[in-house]
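Chemist: Kindly produce the complete structure, drawing on both the sequences and the hints.
Number of protein chains: 2
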Amino acid sequence: MSYNNFLYLINDALKNNHIELALESLKTFRAADLADIIAQLPIETRQTLVLNLPDRSYVFSYLSPEIQVELAKVLPRQVLADIIGEMSSDKRADVFKRLDEHQQNALLPALAQAEREDIRLLSSYMEGTAGAIMSSEYATLLPNMSVADAIKMLRSEAPDTETIYFAYVLDEARKLLGVISLKQLILAQEDQNINELMVTNVLFAKVDADQDDVAKTIARYDLLALPIVDEQGIMVGIVTHDDAMDVAREEATEDFLKVGAVNATSKLSLKSTPILHLYKNRVFWLVFLVFGSLLSGIGIAHFEDIIAQNIVLVFFLPLLVGSGGNAGSQSSTLMVRALATGDVQFKDWFSLLGRESLVALCLGITMAVAVSFLGFYRGDEYVALVLAISMIGIVLLGCLIGMSLPFILNKFGFDPASASAPLVTSICDATGVLVYLSIASVILF
Amino acid sequence: MSYNNFLYLINDALKNNHIELALESLKTFRAADLADIIAQLPIETRQTLVLNLPDRSYVFSYLSPEIQVELAKVLPRQVLADIIGEMSSDKRADVFKRLDEHQQNALLPALAQAEREDIRLLSSYMEGTAGAIMSSEYATLLPNMSVADAIKMLRSEAPDTETIYFAYVLDEARKLLGVISLKQLILAQEDQNINELMVTNVLFAKVDADQDDVAKTIARYDLLALPIVDEQGIMVGIVTHDDAMDVAREEATEDFLKVGAVNATSKLSLKSTPILHLYKNRVFWLVFLVFGSLLSGIGIAHFEDIIAQNIVLVFFLPLLVGSGGNAGSQSSTLMVRALATGDVQFKDWFSLLGRESLVALCLGITMAVAVSFLGFYRGDEYVALVLAISMIGIVLLGCLIGMSLPFILNKFGFDPASASAPLVTSICDATGVLVYLSIASVILF
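Line by line, the protein sequences give chains A and B.
Each residue of the first sequence is one higher than the last, beginning at 1 in the UniProt record's numbering.
Each residue of the second sequence is one higher than the last, beginning at 1 in the UniProt record's numbering.
None of these hints come from the bench; they were simulated from the model.
Since we're looking at a predicted model, the values are computed, not measured.
Any given hint could be a false lead.
Capping the alpha-carbon separation at 27 Å, the derived lysine-lysine pairs in BS3-like fashion look like this [as the list claims (entries may be wrong)]: (1) Lys91(B) / Lys216(A); (2) Lys175(A) / Lys206(A); (3) Lys411(B) / Lys271(A); (4) Lys91(A) / Lys73(B); (5) Lys271(B) / Lys97(B); (6) Lys271(B) / Lys216(A); (7) Lys152(A) / Lys183(B); (8) Lys271(B) / Lys347(A); (9) Lys97(B) / Lys183(A); (10) Lys411(A) / Lys271(B); (11) Lys27(A) / Lys175(B); (12) Lys175(B) / Lys152(B); (13) Lys216(B) / Lys27(A); (14) Lys73(B) / Lys15(B); (15) Lys91(A) / Lys216(B); (16) Lys175(A) / Lys27(B); (17) Lys206(B) / Lys91(B); (18) Lys175(B) / Lys216(A); (19) Lys73(A) / Lys97(A).
Cβ-Cβ distance ranges computed for the label pairs, FRET-style [what the hints assert, rightly or not]: (20) Asp222(A) / Lys175(B): 21 to 31 Å; (21) Phe6(B) / Val287(A): 17 to 27 Å; (22) His277(B) / Asn195(A): 46 to 56 Å.
We put the CB at the ideal spot given by N, CA and C, even for glycine.
Modeler: Structure follows, in structure tokens:
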């Protein structure tokens, strides 16, 4: 049976109120898959299914933000409160932040006191910080417990924690003293003390740390979770490895789109984002880049006489100018990614320029040889000479511009990833026009 | 004390054989940080430090491939065998694969029989598959064990497994029957049977599955590890969440570089990759793209007369042609990333074309309004009309080309990410030249 037929049957069963039948056929599906199925049902049966699913709050946390908000409008208030109440604290705060003020105010009284407090706290942190992605459900232990008592405590805490594989040892003021893994506890003697076993040299992040840095720390040290502390060193949450993976993917997507000159967050979906929103994400750069192209136009206008007398030069214009832009995009792409992955730092810029110049020179000479044959074929030996010299200069300049732009943008407080391929291309184009036509005017006239 | 001064002191202590002192000052550092320090020491003291570090095989696995190979040449053979023997099985196979045949043959006899077998097996899998990144150290249990016996068994297996938080239940033929978490075991009654507790609906991947798909599965279902089975359903390894995160980052880097028209693996480092290697990664696309630019040149040559009679057209050439290229790069970037993250599938292409045409039309009209003022200012109302019509056509075509190229490349068996910004730009440039000059020749003559 194809997936579409299956969806059709599920939809039919739900429409005719054969709930048991639908649930039975969905029994072996996982939360992420159920969320996909829900996304493809019409709104009426979507609602019926969510109302009846056994693991509904877990499945709900896998739904896309748009569908969560849409369901929040149609589900009975107490059902919504139950679903949100059972979600993990970080997901719960995310859903809450997406509701409009009216919905939020309607929902709050239906939630338990502790959940209300938790939402208020977690939604108070700025987007993009550790606080905004952390969970407040983690296992804690006291320093003077025995291993046997610690395991007993973890057992009782398990339903309310994201993981029991790591427990954080706190003093009475909830200051972070150490961390201990369930593996250590299982391997230790039952009467040993947590004090002697815990690791005291704990990695942590501040609650206002950049979420990207938190994700990088988790990846670098292969952690399952990173504890988050406030200004006073008091533990306030954990960021888990799966959240770190989501952050890393979001950051990669945003950088990727920036390089293509699209202003966007990773939430943008080609399928479901409204047309006008897609338009807004793209129009700024397109209009901005017109000014870059105008520079090329002005350069060409300046040399109009030379072009008019030697119209063969126009034939090679796209080739030369394009090669500079292409080499420049390569350089900026390499640099932006190397900065993002930590392969290079800003302080390496100067030493990298030397390496890049060598690479650019090799590339330029290769291209010059190729293009001078073409020049000789369509023009004469002078045209060939103009092309060869121009090509080396243009590729060299293109590479140096492409490599430097991310650094310059950063100096002025912009994201280095804004050095998009189209931006580098238009700057290199204008430079290329000037170099080419200047060299031509010197050699040919 | 600055980091550089600290490195200087460590180097000095090692040079003067004050090993204890150096180790004492490095005591609080983590493996990933120690690997960074080692990378910055000269080769002699690098070797001394690795020889004396207490956790040397763990630190060794964090070193870059180049430094691992370099150290493998200078370390005494038995020390190298000890280090490699103690490494986790996947890291061990990775290092082994990087050694040359002579080094491999020298090393094998110094390793234990089990390690030799393990290396032979793990290095036999193709790069890019689950087999090439999996570890063969995982905890296993039998189906008819009690919970108490299972915990005892995990305790004894712990030193030889990557994780004890998940254990795989196998039958006598090592076929995968189910999976159970340490959390489940801790929460269960001691006399319960594994049979009743284990999850039998286990997610797994085949050993020849694409590593990118394995990483996506781990991210989608928020797993700590994914079991890997062979053709017969026999369990052969696990891929852990941290390996999945590394794969996701590598794939993102490769796609990112492809969009910038650089043929590269994620292993490329701007700082340490040899110049000639960087050259080779870039020259193919640069030369290839010359042909794209030649098409533009041929287009221009075809309209040489019109240009010569109306030299003002050249002024607007970069602007019009550039805008098509920029809009096209935006479309292809959005599409490549949406395909990579799973936001869209190839089957969505046709329905996406409609949305994209609408966005492109809005963008084109905006740009047309802007550019027609310029045309009127520098030329007359006819030039303004040529520019407005051309701009709408060029942006529309650019977007449709940018959106379709990833799909077309995929149809012909190429990676859709090869639809790089420079490739899209050169195709759009050539199209733009034709559209612009054709419209001009109709309206102006």
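Chemist: Hinted pair, alpha-carbon criterion (27 Å max): Lys271(B), Lys347(A). Please report holds or violated.
Modeler: 12 Å, holds
Chemist: Run the distance test for Lys216(B) versus Lys27(A): straight-line Cα separation, threshold 27 Å.
Modeler: 23 Å, holds
Chemist: Does Lys271(B) pair with Lys216(A) here, judged by a C-alpha cut-off of 27 Å?
Modeler: Given pair Lys271(B), Lys216(A) holds - Cα atoms ~20 Å apart, limit 27 Å.
Chemist: Could you say whether the range 17 to 27 Å given as a hint is met by the Cβ separation of Phe6(B) and Val287(A)?
Modeler: The hint (17 to 27 Å, Cβ to Cβ) is violated, given that Phe6(B) and Val287(A) are roughly 50 Å apart.
Chemist: Below or equal to 27 Å on CA atoms is what counts here, so check Lys175(B) against Lys152(B).
Modeler: The hint holds at about 22 Å.
Chemist: Keeping to a limit of 27 Å between CA atoms, is the pair of Lys411(B) and Lys271(A) held or broken?
Modeler: 21 Å, holds
Chemist: For a C-alpha distance cap of 27 Å, please report whether Lys175(A) and Lys27(B) respect it.
Modeler: Roughly 24 Å between the alpha carbons, so the hint for Lys175(A) and Lys27(B) holds.
Chemist: Is Lys91(B) close enough to Lys216(A), meaning Cα to Cα at most 27 Å?
Modeler: This hinted pair holds, its Cα atoms lying about 20 Å apart.
Chemist: Decide if the proposed pair is consistent with the structure: Lys175(B) and Lys216(A), CA atoms, cutoff 27 Å inclusive.
Modeler: 37 Å, violated
Chemist: For the pair His277(B) and Asn195(A), does the Cβ-Cβ distance stay inside 46 to 56 Å?
Modeler: For His277(B) and Asn195(A) the Cβ distance comes to about 53 Å; the hint holds.
Chemist: Holds or violated: Lys152(A) and Lys183(B), Cα atoms, limit 27 Å.
Modeler: The hint holds at about 12 Å.
Chemist: Does Lys206(A) sit within 27 Å of Lys175(A), going by the straight-line distance between their CA atoms?
Modeler: 13 Å, holds
In summary, the numbered hints that this structure violates are 4, 9, 18, 21.
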